[in-house]
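Protein chains in written order, with the working numbering: chain L, 1 to 265; chain V, 1 to 265; chain D, 1 to 265.
Source of the hints: derived by calculation from the structure; they are not laboratory data.
All figures in this text were calculated on a predicted structure; none of them were measured in a lab.
You may find that some hints are simply not true.
When chains are identical, the list treats them as one kind, so a pair holds in a single copy or across two.
In silico lysine to any residue, SDA-like type, Cα no more than 25 Å apart, as pairs [what the hints assert, rightly or not]: (1) K202 - R250; (2) K197 - E78; (3) K197 - V125; (4) K206 - V155; (5) K202 - A221; (6) K109 - A249; (7) K197 - P124; (8) K109 - I29; (9) K197 - G76; (10) K202 - D108; (11) K202 - G76; (12) K197 - R122; (13) K197 - P214.
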Amino acid sequence: VPNSIITLTTDFGEESPYVAAMKGVILGINPAARILDLSHQIPPQDLRHAAFFLSNAIPWFPSEVIHVIVVDPGVGTERALLYVNVDGHQLLVPDNGCWTELACAVPDKRVVLRLANPTFWRHPVSATFHGRDILAPVAAHLSLGIEPGQLGPPVQDWVRLAISPPVCEGDVWSGEIVFIDHFGNLITNIPRDAFQKMASPKLLVKIGDEKVRPVWVRSYANVPAGTLIALISSSDTFEVAVSMGDAAARLGVRAGSGIRVVIEP
Amino acid sequence: VPNSIITLTTDFGEESPYVAAMKGVILGINPAARILDLSHQIPPQDLRHAAFFLSNAIPWFPSEVIHVIVVDPGVGTERALLYVNVDGHQLLVPDNGCWTELACAVPDKRVVLRLANPTFWRHPVSATFHGRDILAPVAAHLSLGIEPGQLGPPVQDWVRLAISPPVCEGDVWSGEIVFIDHFGNLITNIPRDAFQKMASPKLLVKIGDEKVRPVWVRSYANVPAGTLIALISSSDTFEVAVSMGDAAARLGVRAGSGIRVVIEP
Amino acid sequence: VPNSIITLTTDFGEESPYVAAMKGVILGINPAARILDLSHQIPPQDLRHAAFFLSNAIPWFPSEVIHVIVVDPGVGTERALLYVNVDGHQLLVPDNGCWTELACAVPDKRVVLRLANPTFWRHPVSATFHGRDILAPVAAHLSLGIEPGQLGPPVQDWVRLAISPPVCEGDVWSGEIVFIDHFGNLITNIPRDAFQKMASPKLLVKIGDEKVRPVWVRSYANVPAGTLIALISSSDTFEVAVSMGDAAARLGVRAGSGIRVVIEP
């Protein structure tokens with residue numbers, strides 16, 4: 001439908017004209033498209049950040065929305081560009097693995113095509129900006145109702161990010177800090193189930209070389225400001241934070257760090 | 001009406017997926033809603049910044065727009081979430097005082113309800129993200145035309161920010177730097193009336209321990225670049241700035257600092 | 001038409017309420033307007049940055065879109081505000097030269113008016129925020145269908161940024177780094193034609209006092225991460241970059257720096 005929603009997620013920042021160029025290209029093809037920014041502050045070329053972002057953003061949207069993702073360190077190489085339909089969510093995205101976590105939950109409800117039909121691209125196609133020259137125009141044409149099948153052939157294989165699932169041995173969980181948010185909260189991949197039976201578990205947490213004993217809470221403000229806390233994140237995983245503070249700065253931690261949690265009920 | 005405007009103001013930043021999740025939840029309930037970002041760069045948990053922002057943004061909008069505000073240090077505690085109608089502007093906002101300056105001017109045109117009806121929430125409600133699970137879905141349902149009265153009961157009391165009004169003694173005004181903008185301009189709460197009768201007042205300004213004599217101007221470029229100036233802000237209050245420069249950096253000042261102005265006509 | 005698109009490009013940042021106030025003013029006049037952010041991260045008062053941004057953003061839009069630009073160091077002085085129609089693109093912009101590069105390509109398809117009719121302004125007009133009080137309301141009225149001729153009289157002269165075109169002497173091009181993007185890529189004004197005949201030119205590049213020999217590539221990922229590279233930018237000019245890195249940081253360069261390129265075929 002002409003007034004379809006097209007969302008944009010990029011690592012372009014906002015001081016550069018790249019996002020604006022993509023918006024112009026979309027509206028040049030479909031002036032009725034409703035463009036919605038998700039983020040242009042994905043850290044440059046950070047596929048893991050993009051993967052976490054998409055996993056925690058896309059599922060909330062109604063199906064049929066078209067999501068354009070341009071975190072594309074491989075632009076201009078032989079890496080493919082993909083049309084992906086996961087459970088009704090439509091993505092246009094470089095084949096670099098940033099979207100594959102989304103598809104784990106619903107392997108049966110997945111269509112993946114390789115963009116190969118230059119009819120729907122802008123020409124000449126630059127070597128460094130396929131967001132503007134391929135993904136944006138394809139999104140606009142999709143919003144006007146072309147059949148996805150016209151974009152290119154199905155593919156059976158694509159790049160996957162190497163992700164280590166969290167491991168549980170007895171009372172010890174080993175996982176990863178998969179994301180640090182704007183507040184400096186440390187979001188891990190250790191599932192909430194690990195803590196579900198405990199009203200108030202005692203925790204010994206090892207991050208890097210540091211061992212800490214965060215206070216288990218329901219939410220940030222249940223303790224005095226500055227307290228190191230542990231809780232269930234809004235993504236339903238284990239989170240370490242500082243009440244009214246910045247845990248990443250306090251503990252000197254970066255995304256991708258390992259974390260070990262010893263749970264003493 | 002389905003194509004209602006819903007604005008978003010948060011302290012979430014743009015690298016995190018939280019704003020995107022809220023947009024997805026809104027569109028999942030009302031796909032025709034027109035979502036408009038006001039800011040996601042309110043400094044984390046900074047209620048005074050949020051209060052200034054809202055006082056200088058909301059009144060410009062037409063009434064009937066729905067404004068969602070998520071600066072919410074108390075999420076997951078017993079703090080209430082509110083529906084507020086001030087002079088026709090509809091706000092969905094935590095009960096932390098960030099909106100109350102808006103209501104001072106029009107005490108008679110005010111409705112305040114406590115969100116208490118879980119029918120309009122997303123379930124399960126997380127302990128740390130009521131923006132996504134309560135405020136966003138309530139906004140979407142409001143945009144579809146539900147009666148505000150369905151959201152919860154009226155309340156007569158709510159949190160207010162402690163704000164010290166500026167004080168005038170003879171030719172001396174004492175007030176506060178209530179906001180430092182993106183340019184480093186110092187916006188105070190001293191009213192323009194204090195200067196209204198003077199074409200070109202002489203000023204002695206004390207900020208912290210520093211005494212300065214800014215040049216009184218109409219606007220920034222009326223003097224050489226680098227000049228310390230004083231003028232009436234676009235919020236109709238006293239402002240200290242540096243022409244083509246950053247007064248906050250020059251004077252080492254932060255929002256919340258006291259300011260004293262001696263006016264020599 | 002009521003649901004016209006109005007884009008906003010400013011140097012206001014997003015922590016201040018200035019952009020939100022402009023959005024409110026526009027919607028107060030035309031509630032159906034479709035507001036689209038291009039950027040609010042133009043560096044403060046940086047007209048050259050704004051000029052590059054506009055030249056690389058506006059041409060991608062369909063004509064009839066209304067673009068409001070507020071990078072306005074001269075606000076409150078006698079500088080004019082302009083309505084510009086360049087090849088169908090409509091701009092509302094201070095007369096400071098930030099838009100004039102756009103007009104070079106199409107001198108015949110240009111209308112420039114001086115905003116002089118206060119009927120379409122918000123009153124009282126502040127001395128420091130003409131974006132809110134003049135440009136935003138004029139954009140909203142335009143979107144409702146008023147004739148541009150009602151805004152003010154045509155003008156034949158306007159401010160132009162002093163721009164030195166690149167110079168070629170034999171195999172040596174001298175130009176300027178006109179823009180540094182979010183990734184730290186150095187975009188110059190040396191045209192792609194200079195390199196067109198060479199499949200793989202050898203380059204000696206002098207930036208400031210530093211001489212470097214970047215590897216000529218088609219795109220960023222065609223060489224190992226960290227390699228200093230040269231390529232054709234998505235603006236069709238010569239670009240210096242670091243594969244998966246930040247060339248501006250590596251070379252200590254700022255926008256406006258001169259660059260010399262010796263091409264050895």
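Sort out which numbered hints this structure fails and list those numbers smallest first. 4, 6, 10
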